[in-house]
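Chain by chain, the residues run as shown.
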Amino acid sequence: MGKTWLRDYLIKRLIYSVIIAWGILTITFILVRAGPSSPADKYLANLTASGQDVAAVVSAIEARYGLDKPLWEQYFSYLGNLFRGNWGWSFSTSMPVMELIKTHWVYSFQLILLSSIFAAILGILIGIYSAVKQYTRTDYTLTFLSFVGISLPNFWLGVMLILLFSVKMGIFKTYYDTTLPLFSLENLKALVLPVMTLGTGMVAGYVRYTRSAMLDNLRKGFVTTARAKGLPERTVIGKHVFRNAMLPLITIIMFDLGSIVFGGAYLTEIVFGIPGLGQVSFNAIFANDYPVVVAVTLIGTLLVLLINLVTDITYTYLDPRIRYD
Amino acid sequence: MKYKTTGATTSIHAGGRLASYYWQRTRRNKLAIAGLAFIIFLIFLALFGPFFTMDPTEVNFEEKNLPPIGFSVEKSTYDIETSEFTTTIIPGTWKHPLGTDNKGRDLLAMIISGARISLLVGLIATGMAIILGTIIGVLSAYAGGWVDNALMRFTDIMMTFPFFLLLVLIVFIFGHSLIFIVLAIGLTGWTGTARLIRSESLSLRTREFVTAARAIGARDRRVIFRHLIPNVMSLIIVITTLSIPGVIMAEAALSFIGLGDPTWTSWGIILSAGQHTLDTAWWIAVEPGIMLFLTVLAFNFLGDGLRDAFDPKSNI
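Going line by line, the protein sequences match chains A and B.
Going by this note's numbering, the first sequence opens with residue 1, and the numbers climb by one from there.
Going by this note's numbering, the second sequence opens with residue 1, and the numbers climb by one from there.
Simulated from the structure, these hints should not be mistaken for laboratory data.
Quick caveat, the model's predicted, so the values are computed rather than measured.
Glycine included, C-beta positions come from ideal geometry on N, C-alpha and C.
No false leads were mixed into what you were given.
Quick list of in silico lysine to aspartate or glutamate cross-link-like pairs, EDC-like style, CA-CA up to 20 Å:
no.	chain 1	residue 1	chain 2	residue 2
1	A	K168	B	E74
2	A	K12	B	D156
3	A	K239	A	D216
4	B	K30	B	D311
Partial chain B-side listing against chain A, Cβ under 10 Å, derived:
no.	residue
5	L31
6	T160
7	G289
Looking at chain A on its own, in the form it has when it is part of the complex:
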C-alpha cells in the first residue's frame, strides 16, 4: 500500500498519455494525407506563380518531403522527425518550423498566463460572493452577467474594445506594438485590451464553476460543524468550503485551458496583431505554409495532453482520498 499504488498509477498514466499522443499524431498524419491537395500542391501554387518548370518542381518537392516513398515509410519518418524535433521547413518565413515556434511562443504564453491569472482571481472571488449570496438580487445579477460573458464572441469583444478604447477614446494603441521589451510597463499596458478580450469569457466561466462548486459544499455536514464550533463565517467560507470546492475547480479550469482558452487566444492574437502562435498559424494559412499550420495545432494538442497529465498527478497528491484502479 501507500507508495506502490501511486507509482503504479503514475506509470500507467504515463503509458496512457503516450498512447494518446501517438493517436493524436496518427490522426493528424491521416488528415494531412487524406486532404484533397498534398502539401506539395500547396507549395506548388506558390512556385508556379513565379513561372518554374512544373514537373521538375513537383518531383523535387516530393523527393524533399519524401512524398514519393510508400505511405508506411512516410508515416514512420513523420513520427521519427517529430520526435527528434524536426518539425519541417516553413517556406513562407524561410526557417525551420521549430525556430519559428521558438521565437513566437512567448507572445502566446504571456497572453494566456496574464489572462488566466486575471480570470482566476476575478472569477473565483465573484463566484464565491455569488454563492454566499445565493438567491439574492446580487446573485441573480451576477449569474445574468456571467451568461452575458460566456455568450460574448471574444473576437467581436476585442474589436469592440479597440473601437471604444483605441479609436474613440485613444487610450490604447489599435495594434500590439511588437518592438516593446517583454518585461516592461508599456508591454503590460499593450496587453490590457487583449487580456480583457480573452479573459472576459474565462471570468464568466469561472464564476459559474466556482458558484456551483461552492454551493455543492455549502450545505455539507462539516460546514454546519464548523459554524457550530463558533468559527467566524469568513473562516468557514474561506477555509472549509472553498478548500473543498477548489479541487473540482482546478480540474475544470485546466480543462478550459485546452478547449476554450487556446482557441480564444488564437483569435485574440489575430484581432490585436500579437505575434504569437495563433498569428503565426493565421499567416501560414494565407501563405499555404502547410507544416506551420499543422505544427501549431499539434503543439496546442500536445500541450493539452501534458496539462491533463499534470492535473491528474497533482490531483492525486492533493487529495489523498482518490484511488485509481
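We have chain A already, so just place chain B on it with the hints.
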C-alpha cells in the same frame, strides 16, 4: 465543452403528458422564454427576411459607408476647382436602416442573409455531432468489452484536440466551402455527447425496466430504440441546445479569420471586413456582432432553462 450529470435522467415520452409538464416548468424561467422568443424571431427572419430585403450582394459605390438610422457621419469632399474641403453631414436613411458597408451593400440584407448561414450551420452541424455522439455513446455502453474500450480511447484522443485548432486544421486542409465547414464541426464536436450518453446508458442498462424488457424477449434493437434512446432524450435535447451557440460561434470565428465560405455573406465575414473600417464606419463591425451575441445568448438561456426543467440537480 464539459458536461457533468448526476445520472438522473427523465423521459419525455409517455404520450406527451410529460412533455407538457416539462414545458410548464421551462415556462417559469423568463430568460429561457425570452431566448426561445428570440430564436423563433431569428428563424422567421432567416426564412422570410430575404424576400423583403434588397439583394445583399448588390454593390453601389455611390452609397458606400452610410450610417444606420439615427446616426450621421461627416464626410469631407475635396473640390479641385476651388481647392477647398467641404464637410457635409450624412444621416442614415430608411432605404438602408442599418447602413451600408464599404461597397455600398445594404447591411440589413447582409445580416439577414448571415442569419441563414449561422442557423443553417448551427442546426445541421450540431445535429450531426449529436447524432454521431449518441450512436457512439449508446453503442459503447451497449456493446461493452473491447468495442467500448476502443471507442472511448478514440473519444479521449479526439477530446484532447483543442476544438477550434482542430477545426482550423481540417478546414485549411479540406478547403473552406460551407459543406466542409459543417462536416468538420459535425465530425469533431461529438465527443462530449458520446461520453455523457455512454454514462447515462450504462446506468440505464442495469435498470429494472430494461431487465424486464429483456426477460420478455425484447431484442437489442428494441431495447435500444424503445427503452434507452427515449430515456436519454431529455439529455439529448439539453446538450443540443447548449451546443448550438458554440457551433455558431465557431463558424463565425472561422469566417472571421478568413476560413469561411466566401460565396455566402455570413456574420463572421461582415465582422472581419468591418474591423478594418472602425474609424470610418464602426457600424459594420458592431451590427453582425450584436446579432451573433444575442443569438448565442438566446440559446444559452434556453438551454439553461430546459436543463433546469428536466433535471434541477444537474449542473451540465
